[in-house]
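**Student:** Take a look at the letters that make up each chain.
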Amino acid sequence: MFRPGHNRHDLRELADEDLMELVREGDARAFEVVFDRHGGVAFSLAYRMCGSSARAEDVVQDAFVSLWRSGARYDRARGSVRSWILSTVHNRAIDSFRRESARHGQDVHDERLAELVPAATTTEAEVQQRDDAHRVRTALAQLPPDQRRVIELAYFGGFTHTQISEMLELPAGTVKGRMRLGLAKLRGSLSAGGLTP
Amino acid sequence: MSERHGPVHDCGGDAAAYVLGALEPAEAEAFRGHLLECVVCRDEVETLAGVVQALPMSAPQHAAPRRLRRRLLRAIREQPPSRAATAGRPASRRRLRPATLLGAAAGAAAAVAAAVLIALGGGPGATLSRVIRASVSGVSGSVQLRISAEHGELVARHLSAPPPGHVYEVWLKPAGSGPRPASVLFTVNRDGFADVSIPASLRGITAVMVTPEPAGGSPVPTHAPVIVASVA
Ligand SMILES: [Zn+2]
Chain A
33 MFRPGHNRHD
43 LRELADEDLM
53 ELVREGDARA
63 FEVVFDRHGG
73 VAFSLAYRMC
83 GSSARAEDVV
93 QDAFVSLWRS
103 GARYDRARGS
113 VRSWILSTVH
123 NRAIDSFRRE
133 SARHGQDVHD
143 ERLAELVPAA
153 TTTEAEVQQR
163 DDAHRVRTAL
173 AQLPPDQRRV
183 IELAYFGGFT
193 HTQISEMLEL
203 PAGTVKGRMR
213 LGLAKLRGSL
223 SAGGLTP
Chain B
12 MSERHGPVHD
22 CGGDAAAYVL
32 GALEPAEAEA
42 FRGHLLECVV
52 CRDEVETLAG
62 VVQALPMSAP
72 QHAAPRRLRR
82 RLLRAIREQP
92 PSRAATAGRP
102 ASRRRLRPAT
112 LLGAAAGAAA
122 AVAAAVLIAL
132 GGGPGATLSR
142 VIRASVSGVS
152 GSVQLRISAE
162 HGELVARHLS
172 APPPGHVYEV
182 WLKPAGSGPR
192 PASVLFTVNR
202 DGFADVSIPA
212 SLRGITAVMV
222 TPEPAGGSPV
232 PTHAPVIVAS
242 VA
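If you read the sequences in order, they're chains A and B. Residue numbers 33 to 229, in the numbering used here, belong to the letters of the first sequence in order. Residue numbers 12 to 243, in the numbering used here, belong to the letters of the second sequence in order.
Excised from the complex, chain B in its bound form (with noise of 0.2 Å):
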């Protein structure tokens, strides 16, 4: 680690254990709360991060076994990501180059755009339940969470890209808890645009938020959310 001249603050050595997972929950929760404060921490736990990423690489290296591989490829095979992340709408939708077709309404005020992403779901079958709207903050844009059953997706407009190395990850915060990974990373195109399938059911979550991370993702948010949608 480099010296670090100027004022010693002492956090507690808490982003550390942070980066590891090996917080209680409610530490990590008021840790959470002070990295929005401490520059200091901040980058430490952008620092220790990146050799967290490292440790996988100490453990003992085997090929993925032969019985692992047909498993998943069978699996995969019987579950394309256009019935499995879009479910509840017509397939062909995804096919659809969204940048193009949702880029059209990208100027029009939020409730239009709104009516338009509901045609776009809303063929026969369709069970596009809700559309909410996000707030932002510290970047610019706007986002929607639309919820089909108990599946979300965002769909970005004109939202800023993350910083550089960056990219934004999804977290689901249900009731009484911190927030939890959706494991879902994303950027957006040139236009600002992103449309993002959340994998996880949203069944018991009070909310959808978005921070900007390392390149890789986070295993816990190290900024403040940009993005949050409410869903309660």
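Chain A extracted, bound-state conformation (with noise of 0.2 Å):
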């Protein structure tokens, strides 16, 4: 829909719900915006995951445009865009391990490494998101090895917990243990860094 109303500067301004009204109506430059908010993080998570910065492309690339053609409704509850273009990345990143019949782990990183730049922080958004990222971290590191390492290798890479097992020579069930002991501690301490409801 023509807004002649709506520069790139107004855009930016825009809440991501509001946002999201526009692109649904084909608004290729409110797109742009919604890109530049979360196409880091959505990037990131990829590169995380894929540990290839081109199969992290294609990862991404998949989730924006399956994000622009779906024209999906948005409730305007907080962090709703961001969560739902994080778990679509999510999924693709999982289905394109599952494609692959070869896969490596997600401790592989690729040679382009040296070209990542680092996520900007000059807005208030980006440090809020940065600060975000530092707790989200800390937590993650404070917990038992044992934990973090089972819920690292589910999330990131795509693994059951009966590969799991086998990976880590562990016996069944204590895979399923140190997930849930995992996810409670962490539970505990993004709440108390009010992170999570």
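Since the hints were derived computationally from the structure, they do not count as laboratory data. Ideal Cβ placement from N, Cα and C applies to all residues, glycine included. One or more of the hints may lead you astray.
Not the full set, but computed from the structure, chain B residues with beta-carbon under 7 Å of chain A [what the hints assert, rightly or not]:
1) Ala-33
2) Leu-47
3) Ala-226
With the hints in hand, could you dock these two chains into one complex?
**Tutor:** Structure representation (structure tokens):
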């Protein structure tokens, strides 16, 4: 829809949910703003999962094209557009793992790492995001390594608990138990920091 | 996690593995069945899903590569949503305010409403092939799945809004396996209307389902479906 009143600057003032209304109407500039807001965290998640910049870019491209095409409607609840994007990226990365017969673990990184640019922290939102990231990383780092490892292998690696117990040579049931303890502990430290409901 | 008093209910700790997507497909299927009956596990899934949503932030944060931005913006400019999401229909159809147009038909009997929908989408060159009435349970309203070629669109009327803090999430169920996310979240407008395009192909899909999920959606269903449209 033609909206002569919106220039790029105005668009940057809009909340995600308002931008998504415009995206639904086919406003490519609104979409660009959504990407500039969430493309970095989306790419970072994909890169962490895929370990290759080229694959991460494909995953993010897929996820955002589907956002563009689906015209999904959003609740005006906080952060939902971002969560939707991240969960789409996560699903797409796992799909791409499953399509590939021989895959590397999530610790493999390619040579392009040197080309990657750290996320900017110039706006207030970016600073907030950096602080949130720091808090999540700290909370994860404080978990007992056994618990952190299974959570990371499952979430970032896309492995099932059975695969993880084979990899780590643990009895069945132990992996699930560690996931449970680890997530519960993480929940404790994140809610103390106001990061989860 | 808050201390939980009262009877200890140990469900084997599947909730954590489930929200991490780490259950085997058959286990996940069984656990989804269990969730329908077990409020303790439902509660745990909802709580832990919030933790899992924070995990992406723990990855080292990079800027999106310029190359990716260029490629993506080129792709979307070549593929406007009015064509992509509603393939086979006149492009102008999507520009109409569906809420206004279809709102007029909302009070009509389902069969009449379906006819109106077909008329709206059925201009020259349109390929609307089927309109399926979905079964709706636990919420009020009516929902239709419209299929053009391999693509579907859910049209809801007078549908209850999802609970506060929740959205509706669409799932595609292939024959012989559990539902997978269609990557579509939606809610309804004030009149209970929604018009939702499903980007993925419906080839090999036996049912399109909708569950209420926490805002932001869930990688796996955490509630019983409230809308089921059988495609087969
Ligand atoms: Zn239970």
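**Student:** Grab the minimum C-beta distance from B/Leu-47 to chain A and call the hint holds if it beats 7 Å, violated otherwise.
**Tutor:** It is violated, given that the least Cβ distance between B/Leu-47 and chain A is near 21 Å, above 7 Å.
**Student:** Return the status of the interface hint for B/Ala-33: holds when the least beta-carbon distance to chain A is below 7 Å, violated otherwise.
**Tutor:** Holds: closest Cβ of chain A sits about 4 Å from B/Ala-33, inside 7 Å.
**Student:** Let me know if the C-beta of B/Ala-226 comes in closer than 7 Å to any C-beta of chain A, holds or violated.
**Tutor:** Check passed: Cβ of B/Ala-226 comes within 4 Å of chain A, closer than 7 Å.
Comparing the model with each earlier hint shows a violation of hint 2 alone; every other hint is respected.
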